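> Okay, here's what each chain looks like letter by letter:
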Amino acid sequence: MATIDDMDMAVRKARSGEGDCLLLWILVWSELAAFGALLVAFLVTTVVDAGGASLLRSHLHPGLAALNTVLLVSSGWQAALAVRGGAGAVRRPLMLAALFGLAFAAVKIAEYTVEIRSGIGGAGTLAELYFLVTGFHLLHVVFGTGILLLVAWRPSRANVVMIATLWHVIDLVWLVMFPIVYLT
Amino acid sequence: MTRQAREQFIATLAMLLTLALGGAFVGGLGGGLLVPIAAVLVMAYAKGRIVILDFLELRAQRGVLRSALLAWPAVLLSLALLRAVAVALIG
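Those protein sequence lines, which keep their order, are chains U and E.
In terms of the numbering used here, the first sequence has 138 at position 138, counting the first letter as 1, and numbering is strictly consecutive.
Count along the second sequence starting at 1, add 184, and that's the number in the numbering used here.
Pulled out of the complex, with its shape left as it was, chain E reads as follows:
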């Protein structure tokens, strides 16, 4: 692993940790409002995407496996967003 690759990889970890702590912070202060919930879910998707593309080394790959892996968190987090919207609208 070259020094540049290692630095990039450390930056990836920093990004993941920032998103993890940011998501927890926004979620904790959101008070069940729709916009903070949406922000938390978007940050969760961003974390999942980093894990899939960088940790699983699928960034350079194109194909069904990569798309299906990216779709898994997208579908579940979209359902969570749909639930939050429904709760906000119905009350």
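Only chain U is shown next, with the shape it has when bound in the complex:
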């Protein structure tokens, strides 16, 4: 049973932002666990279905994915600048981070269009896994871009740190996903 001291402690932690920080890292780790499981599934399927893997690779466009890496890294850099900037230097880097995120989404959708037209579906289960892994990531980018714009509109220190942390995790996931899906 919670005592008055426990409740005092919880209130103090909530006020100091420790509770928010814990929730943020729980969210981060749930994302990393989900993407980790998907990437392991992708790797295992490429071993089991080697023919499908080479067919999938013949339809992919590593050049566009490399461009997306540059866009997402630049976006993450802007988000990190927003965290380091003073009170007056938050909006611009957050807007730029969102703009790079939108550019990432546009390139990814163009890439999907080309791949679907070239018949990537022939790769079977691996094609489904490819769309699941990269599509789930794309959804995160689109959602994160929206949150970046919202925080740029009404910035507060806690919100800037929260979205920047999540944005870096989305960045990290792509940096690991890129060589696993496109290059190896």
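Possibly wrong hints are sitting among the right ones.
[To be verified] Pulled a few chain U residues facing chain E out of the computed Cβ check, cut under 10 Å:
#, residue
1, W25
2, L43
3, T46
4, A66
5, D171
6, M177
Read the hints as simulated data drawn from the structure, not as lab findings.
Given the structure is predicted, the values throughout are model-derived calculations rather than measurements.
Virtual Cβ for every residue (Gly too), placed ideally from N, Cα, C.
Take the given structure of chain U and dock chain E to it, following the hints.
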């Protein structure tokens, strides 16, 4: 942010972009050989490490969170390397 800190931060971005383009270049020209694949995976880990230590500001921190975050890309990229070695050996 001081001028020196900003310059260091720009150097971090330059390093990340170089690794990103270098990794894509090596991966594109590697032709599925084991050594280029290993190089691409090492470069991917280096990029992830920079994001964790510099963007997430965990360079000065020591603890489970930092180690676990660094382990996440290391484990996945090691699995990818293991797969590439297995494919190269088995054919």
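> With reference to the structure, classify each hint as holding or not holding.
A quick look at each hint next to the structure:
no. : hint : in the structure
1   : W25  : holds, 7 Å
2   : L43  : holds, 5 Å
3   : T46  : holds, 7 Å
4   : A66  : holds, 3 Å
5   : D171 : holds, 6 Å
6   : M177 : holds, 9 Å
When held up to the earlier numbered hints, the structure conflicts with none and fits them all.
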